[in-house]
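A.B. asks: Given chain A, work out where chains B, C and D should sit, using these hints.
If you want the building blocks of each chain, they are given just below.
There are 4 protein chains.
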Amino acid sequence: MRWQTSEQIATIPMRVVGPIKIIGTEMNDEVSVPLATFETPLWPSTHRGAKATFEAGGIRALIIDDRMTRSILLESHSIIEAHETLINLQQHKEAMMALVAETSRFTRLIDLHIQLVGSLIFIRFEFTTGDASGHNMVTLASDYLLQWILKRFPELKYVSISGNFCTDKKVSAVNGILGRGKYVVAEVTLTKQHCRRFLKTTPEKIVALNIKKNLVGSIIAGSLRTANAHFANILLGIFLATGQDAANIIEASQGIVYAEVRDNHLYFSVTLPNLIVGTVGNGKTFDYVRENLKRMGCLEERATGENARRLAIIIASAVLCGELSLLAALTNPGELMESHMKLERQKNEGKSRD
Amino acid sequence: MRWQTSEQIATIPMRVVGPIKIIGTEMNDEVSVPLATFETPLWPSTHRGAKATFEAGGIRALIIDDRMTRSILLESHSIIEAHETLINLQQHKEAMMALVAETSRFTRLIDLHIQLVGSLIFIRFEFTTGDASGHNMVTLASDYLLQWILKRFPELKYVSISGNFCTDKKVSAVNGILGRGKYVVAEVTLTKQHCRRFLKTTPEKIVALNIKKNLVGSIIAGSLRTANAHFANILLGIFLATGQDAANIIEASQGIVYAEVRDNHLYFSVTLPNLIVGTVGNGKTFDYVRENLKRMGCLEERATGENARRLAIIIASAVLCGELSLLAALTNPGELMESHMKLERQKNEGKSRD
Amino acid sequence: MRWQTSEQIATIPMRVVGPIKIIGTEMNDEVSVPLATFETPLWPSTHRGAKATFEAGGIRALIIDDRMTRSILLESHSIIEAHETLINLQQHKEAMMALVAETSRFTRLIDLHIQLVGSLIFIRFEFTTGDASGHNMVTLASDYLLQWILKRFPELKYVSISGNFCTDKKVSAVNGILGRGKYVVAEVTLTKQHCRRFLKTTPEKIVALNIKKNLVGSIIAGSLRTANAHFANILLGIFLATGQDAANIIEASQGIVYAEVRDNHLYFSVTLPNLIVGTVGNGKTFDYVRENLKRMGCLEERATGENARRLAIIIASAVLCGELSLLAALTNPGELMESHMKLERQKNEGKSRD
Amino acid sequence: MRWQTSEQIATIPMRVVGPIKIIGTEMNDEVSVPLATFETPLWPSTHRGAKATFEAGGIRALIIDDRMTRSILLESHSIIEAHETLINLQQHKEAMMALVAETSRFTRLIDLHIQLVGSLIFIRFEFTTGDASGHNMVTLASDYLLQWILKRFPELKYVSISGNFCTDKKVSAVNGILGRGKYVVAEVTLTKQHCRRFLKTTPEKIVALNIKKNLVGSIIAGSLRTANAHFANILLGIFLATGQDAANIIEASQGIVYAEVRDNHLYFSVTLPNLIVGTVGNGKTFDYVRENLKRMGCLEERATGENARRLAIIIASAVLCGELSLLAALTNPGELMESHMKLERQKNEGKSRD
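Residue numbers (the working numbering), protein chains in the order written: chain A, 28 to 381; chain B, 28 to 381; chain C, 28 to 381; chain D, 28 to 381.
Next comes chain A alone, as it looks inside the complex (with noise of 0.2 Å):
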C-alpha cells in the first residue's frame, strides 16, 4: 500500500451574481458575489434578491463581534486543584496576552473562558487573528499557551490541544454566545411595491412564513439557536469560491431570520453569530479565489483584518439575499408548482435530476 502522488482537482461550477448594495457604516458599496454550487437555481434566486434589495435602497450590514478560538483541555487531581488553577489563570491573563503578543505577528488574546467538568479543566481562549481565518494560528498560539500552563502547574497533566469547547466545525451553542467568527447582521426594508414586482409577494407572506417556517419549525425539528431556510447553500457557494474551509459552514449556518411588517414595509434581518472567513492563508493563494476577492474589493491595502470584515459583510449580505428570495418563493405555491413542472419535465427527456 503506497501514497497515491499525482494531485487532481475537482471542479465546481461557479457563477457570479449581484450586484449586492450594501450601506452598512463600515462599508458602503455594490460587490458582486461569486458563488460555486452544483446547485444551479441557487443563482438566479440569490441574483433576485439582489435585485430586489438593491432597488430597495440596499442593505445594512455590520459586524458586532470578532474573535477566533481554540479550547485547550487538561486534567488535574481533584476539583480543588483545577478551581487553584482557574483562579491562577484568571489572574494572569496579561502575562498570557504578553505571551502571544510576543510569540505571533497577528495573533493576539483577547480573553478565556473556563470551564470545569470534575477536575476536567477546558480552557477556552479567545483571539483576534487578522485577515486570516485563523485555525493554525489560535493552535498554534494554544500550543504555546499550554506549554506556559504546564510549566507553571507540572501537576497538570495534558489531554488534548483541541477539547471541543472551541469548537470547530460542529454544531454548538458555545460559538454563538461566547462568539467564533465574525458576527454579522444585515437587514434591509422594502416596500410593499418592491415586495410584489421583484419577489412577487407580500411583507405579511413573508413575515409570516418565517415565524411559522424558519422560527416555529426550527423549534419543533429541535434546532440549535438556528433559524433559516437555507443560509448553508449561499454560504457553502461563497466559501468554496472564495478559498474558505467550507466546513466552517456547520457554525455559520447556525444563524436566524428576523422579519416583521413595520409601516406596511418588510423589515427583513440575518443574523449570523459564526461567521469564520479569511482572505489570506489555506486556500487563498488559488487565482480564481484572488480574483474573487478581488472583484469583491477584499484585497487592498487596509488597516489589518479590514479585508476579511469585509468580507463578511459581503457574505452576510449575500445569505440575505438567497434567503429572501427562496422564502418569497415558498409564500407562492403556484410558483413552485411551476419550477417542479420544469424539472419533470427535463425528466421525462431523460436528463436525470435527483
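Since the hints were derived computationally from the structure, they do not count as laboratory data.
Remember, predicted model here, so these are calculated numbers, not experimental data.
All clues given are correct.
Identical chains share a label here; the pair holds if one copy fits it or two copies do between them.
Listed below are the simulated DSSO-like cross-link pairs for lysine-lysine, each with C-alpha atoms no more than 27 Å apart in a straight line:
| hint | residue 1 | residue 2 |
| --- | --- | --- |
| 1 | Lys178 | Lys120 |
| 2 | Lys219 | Lys232 |
| 3 | Lys227 | Lys178 |
| 4 | Lys184 | Lys227 |
| 5 | Lys184 | Lys120 |
| 6 | Lys219 | Lys184 |
C.D. replies: Same frame as chain A, now just chains B, C and D:
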C-alpha cells in the same frame, strides 16, 4: 443591472487516499477514496487511518436505516380541525403511498410523522429515493401529496412546501431520531501493536481522549447529537469529490464516536445517522465525479439504491479513518508540536498560513 | 451513622383558581384548579387568565398522543451482531407485545424504537399505562422484555435497564419527537375587547411579544424545543397539588406558545408534547390529592386512562391561562413597575423578599 | 366567578438522610439533608450514597461561579442603531453598576452580555444577590436599568422586562455557558472495597455505565448540556424541603457526571453549573424550612451570601450521593429485579403503584 452570464469553475485540490479495507455484510472490498480539500494535511492523516485499519483486518460497516424526507406545513382554523386532519391522514397512509408510487419511478413513501403546534400542521413525509440523494424527488412527491391533501381538506391553508421539520442542511435532532439520509455505523478493532506502530498511541489513550474531548467536551459546548473531532473535514472532502450537495455535511457531521478498550484491543466506531448521498442526479455528471464514483465501484449495475448505499458505507469508513488518525495525533503532544514547528518555519520563510 | 427514622412533612401553600372553561372534543366542562406554590402571585395571575378565557367562550384542548417510555441499553460484540438484533426485534414486535400484555393488567407495549451507536443497542419501548403516569409500570415491563431478549440473544450483555434514551426527568429532543407522556394542545380565541378588558393589552402586543421573547429569545438562549415564558411555574403548582412526580416538569416545560392575530382577534395556543401525569399510583393516596383530583372530576368511573387524559387536558388549559396572563402583563411596562413598587414597599417595611 | 379565598396546604412526605461528609475548601462539615418527595425509595437510596462517601473520607465540593441574571429586551429601528446602543452600553458598565448599587442593598451588577438579532436588543444583566436566590431582586434592578437605558436612548422601544435570554425555569445552553445560579462541582474517591461493600459494585462498572448511559445515551436522546441519571429527583426533594422555587430544577438538572478509574479507585464527580438557591426570601419563612436550613447550618451569622453558598455545596453533595447510589444499583441487574419483585408483590396485595 444584468445577469452575469459567463460560467467559471472553482477548482479544489483533490487526492486519493487508501485503499480502505471494508468487511461489512453489505460490501467486502478495498477502496481508494478521493478527498477534495484546501486542507492538504487531511490527505496523509486520513491515509494513515486507512493504513492502520487495513493492517488491523479492515472496517466493519453497514447501513441501519435509509430514507429521505420533506415536511410540508399547513394551517387549520383550530386544534380540533388540525387533529381531525392528523387522524384522517394516518388512516390514509396507503392511499398516499399509492399516489407517490404512481407519480414517480423511484420515489416511494414509506412513513410519515405529524406534529401539531396550535393549529399549525407539520407533516414529515419519509421516502426512499433509489440511488439519488433525493432532494428534488421528495419535494416533487410532497407537492403531489400537498395537492391531494388540500383537495381532501379544502378548509386547510397552504403555508409552505417545506416547514423546516424536514430538515434540510440545518442542525436538528429530528434527523437523527426519525431518520434522514443513510444511518451508517462503521467500526474497527486494533491491537495494542497496531495502535503503537501505525498511530503512535495506545488503546487506552484513544479511549480516554474520546470520552474527555468528544463526549464531555461536546456536551459542555452545548452540542446536539454530536460527539466527534472532525467528521466534517472528511465529509466535505468526499462530498466535493463525488458531486454531492456539500451543504448536507451539516446533518452528516452530527455523528458520534464510541470507543472502548476490549481485552487490551481498541474498539473504535463512528456512527453517522444522517448521511445524505447519491450516485445519480445533480452534480454526478461531471467527468471527475463519474471517474471517482467508478473507482469506488459505485456506478455498477446493481439493484436500485445499492450504489448509493455502497457509497455511504465507503464514506463512513473514510470518516472513521480520518477521525481515528486525528485522535491518535492529539494523544501525542510531541507530534503536534513538531507539525506546529513546521508551520512556523514555513511562516518565517514567508509562506503565509492562517 | 444510622438511618433517620422520623417522617415529617413539607407544606406548600395551595389555592384553587378558576374555574377554567374547557370546550374540547374530549371534555367540555368548567373546572377549578389547585396550585401549590411558594410564589403566591401565581394565583391571581393564573386566575386572571382563567377569567379572560372563560369570558371569551372557553379553551379548546385535546390530546394528540399518549405513551410512556423506558429505554433499555444492551451491548453486542460488533455492529454486525447489533444490526441482526435490531432486525430480529423489529420482526418480533408482536411477541413482545403479547409478553407485556400477559404480565401486566394495564401496561401495553405499543411501539419500539432502536438506535445503535457502534455496538451499543438502545431500545426505547413505548407503552400505554392506563391512568397511571407509569414510571414503575414501564420499568417492570421493560425488565420482562430485557429478560426475554437476553434469553433470545445470549451473546448480548446487559448494560442498564435505563439507557437515557427514555428519557426521564431530563431535557431532550427525543421525548417531543417520539413522544413521552401526553401530547396536549390547548387554544383560545379572544376578541380585542376581551384582551383590553381582562388583560389590559391588545392581540397585536401579545403576538409580537411571543415572537420576540418566546420564539427568538428562546432560540438565542440555546433552548431546545422550548418557547414559552413560564410553563414551569403552573406545571409545578398543579403537579404538587395532584400528587404527580414534579421532577417531570423538566420534560413538561419543553412546550411552545404559538399566537397570531386573526381578524383582529387573538389566537393563542400552548402545545405541551410531554405531559407525564396520572390519577392513580405514587402520591395519589393523600387526602388533599384525592380531594383535588375529585374536584377536577378526575376520579370518576371511566374507561381506563380517561381520568388521566382529563387531568392532562385540564393542566394544559391552566398552563394556557398562566402563560397568557404573564405575557399580557409583560406587554405593559406600567403594570410591572407597579407590582415592583409593592414588592419594594414590603421590603422597606421589613418583609424580606428575594 | 369569584376568586377562591381559602388557602390550603399540599403536604409532601419528608425525611432526613445522611449525614453527608463534605470536605471542600469552603466548608468542612457533616450535614444531614432533608428530602421532600412522593418517591420514598429516594430516601434509602440517597442515604446509601451518603454512607458510602462518608466511609470513603467525604466529598470535596466547591463553588466555581455565582451570579443571577435577567435579560431585558428592547427594539431599535435598525441594526445601525442597535449596534450604537451596544457599544454605548458596554462603555457605561460602571455607571450601570453604580445605579444598581444605589438602588439596592444586596443586588450588585457584575457583568452584562448583549446579543443582537436584527434590530432586537437582548441585554443579559448578571448580578450577585447575597443570600437570596434573587429572582425578584434582579427583576427590580433590571427595571431600574431599563428605565435608565430608555431615558438615555429615547428612540429605543420597550419589548419586555424579560427576553428569555435570562433564562428562567427553561432549558437552555446560555445558563451553563454564561452562568446563572451557583456553579458547583462535587467529587469523591472510593476504593474498590468501598464500592463493593457499600454499593455492591466496582469502579469499572460505574465508569462504564456512566459513559454508555449518561454520556452516550443522553447525546442520542438529543439532550443539552445534560449527562446524568436523576439529578432532578434529589434536587426536587431538597428544593421543596428548603423553600426554594422548585421550578428552577429545570436549569439545575442540566448537569454532568464525570467518572474515571484512577489507580483502581473510583473517581466520581457531579458538575451542576446552574444551582439557583437561597436561604432568605420567598418560601424561607416557613417553620419547617427554617428548621431544615438551621440543621444544615445555613442560617448562621456569616458574610453576605455565605449561607446560600453553603446550601448550594450541600445540595450538590447530596446530588452526588443520590446519583452514585442509583448508578450503582443499575450496574447490578439482580438488585433491580429484586426491588421490582417487591413492587409486584405490593401490587398483588392490592397496594396500587404506578
